Amino acid sequence: MTPLIETKKLTHVYSAGTPFEHVAVEDVDFSASRGEFIGIIGHTGSGKSTFVQHLNGLLKPTSGSVLVEGEEIFSSPGRIRQVRSKVGLVFQYPEYQLFEETVRADIAYGPKNMKLDKEEIERRVLEAADFVGLEPELLDKSPFDLSGGQKRRAAIAGVIAMRPDVLILDEPTAGLDPRGREEIIYNIRRYHAAVNGTVIYITHSMEDIARFATRLVVFSKGHIALDGPPAQVFRHVEELERIGLTVPSVAKVMSILKQRGLPVEDGVYTVDRAVEVLLGLKGGVAGA
Amino acid sequence: MLKDITLGQYFPGDTVVHRLDPRTKLILTILYIVLLFIAKSYVSYGLVFLFLVICIALSRIRLKAILSGLKPLVVLILITAILNLFYTRGERLLVSFWRIRIYWEGVRTAAVMALRIMMLITGTLLLTYTTSPLQLTDGMEKLMNPLKKLHVPVHELSMMMSIALRFIPTLIEETDKIMNAQKARGAEFDTGNLIQKAKAMLPLLVPLFISAFRRADELATAMESRCYHGGEGRTKMKVLKMAGRDWIALGCGAALLVLTILLRRLGL
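Each protein sequence line maps, in turn, to chains A and B. The opening position of the first sequence corresponds to residue 1 in the working numbering, with each subsequent residue numbered one higher. The opening position of the second sequence corresponds to residue 1001 in the working numbering, with each subsequent residue numbered one higher.
If you're looking for bench data, these hints aren't it; they were derived computationally from the structure. The reader is advised that the hints may include incorrect statements.
Per the computed footprint, the stretches of chain A lying under chain B, defined by three or more beta-carbons under 8 Å from a beta-carbon of chain B, are [claimed, not checked]:
{"id": "1", "segment": "49–60"}
{"id": "2", "segment": "76–85"}
{"id": "3", "segment": "153–162"}
Calculated cross-link-like contacts (lysine-lysine; reagent style DSS-like; alpha-carbon spacing at most 27 Å) [to be verified]:
{"id": "4", "chain 1": "A", "residue 1": "Lys252", "chain 2": "A", "residue 2": "Lys282"}
{"id": "5", "chain 1": "B", "residue 1": "Lys1199", "chain 2": "A", "residue 2": "Lys112"}
{"id": "6", "chain 1": "B", "residue 1": "Lys1177", "chain 2": "A", "residue 2": "Lys8"}
All values reported here derive from a predicted model rather than from experimental measurement. C-beta: ideal position from N, C-alpha, C; glycine also.
All chains, full assembly: derive it from the sequences and hints.
Have a look at this one:
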């Protein structure tokens, strides 16, 4: 099966040939299939944001290629347009892109650009608003009258309304309170389950992403440093810390216990699993 | 793409030219522009050119930087030269076919005009290349100080100017960001006819204006919470001071001015 989205030897150099030249992403091979929920983690300046802007063709790679459903995205201008609706990208602080008079019109902007007919646009607006948990009565308000969290959700709905197979979100919960954060994450997971697409979620909070990602990709200095299911990635506690990322505290505790000689298994990163493992261990000791 | 604009760019450095007081540099730049218009003969142009070359050499600004600063104005320079070439009448006819007549005087005026514009721009580029925007507005405020007597809001003007300069890169970055966000929602900014293009700008301009107002609001709050209340009684962190090199530089400028005027009188 061809992966939904794929990059091959992707390299991007900013301001090539000037004194400000800077290699942001270098030789990145990446692929994602349907159903995956991928967390991309990395420091500021690790190249993760530059990387995802290639996935829908906003940035052109200096070298290498990007394929969506096995087909190069820069093959023709028409192809790019098609890719932009297939690969939805929600930027950081997306509420700053709202511009229409009503929330309804703003969410409809993407579908309208896809040249869908009126009924289809309306259907998608309602569906997208439902996905992000916006009450229908908010749709006729001005986006500028909404609260911060509602604005954020309206902006995410604007991308979801294009019903992308790949939904990329760059720090969608930045600056929200814990409740707003939970709501957004819940809504994204719901969308993911409903369309059976791929979600790529950029964050630098390990604790958040570890709970629901099926796969973690760690960026460091323009390269993919680690790539695999969370349990596997969290085995590399030392490497993660060397990159400068904070490991979930449970993973840290478990790795120290192991160093001290307790036979705990690798890659435990949730409290529930840790309790299970430790209880099992205790039972084992008592039984001996 | 928008980031490539070199408007008012500053190249940090530690040369004599960089260390000159911004007031000196401003006065010299104005003087230099005046000189360019006083100069009439090859000799005096040569003199002014020499002055420019020495300044560039002292500032260690690369020729490449200056050429890239001139680039956006190539069209303007060419148009000026071409118009002068065709429309100047004179005595020595060089080319004549159909209705076009090119005179020797035309060639000369075209060359002089093109050279003059290029030297004009290079001189002012040198000022912005070697002086940080902050120093520049500081210098202007000091130079315009006497105008306060005439109730010109000098401090407010210079504060507005430094804020404007400070926010140009921020707004450019913001534009880039919003453009990308709307492109991700299928917007197209470079296709269609003029009306379609203008309409496509709306999703860019509305958020940009809103964010500019938001920034202005935040900045005003930040300034007020640090007790900003205009220029009255406000002290400077870096007080401008004229040093020996400033007086030498101004002296050289004055000498050059006198020399050029003399040359003009002598008809050279």
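Hint check results:
1. 49–60: holds (count 3)
2. 76–85: holds (count 3)
3. 153–162: It holds: at least three residues are needed, and the segment 153–162 of chain A offers 3 whose Cβ sits within less than 8 Å of chain B.
4. A:Lys252 <-> A:Lys282: It holds: about 20 Å lies between the C-alpha atoms, which stays within 27 Å.
5. B:Lys1199 <-> A:Lys112: 14 Å, holds
6. B:Lys1177 <-> A:Lys8: 26 Å, holds
When the structure is compared with the earlier hints, no violation turns up for any of them.
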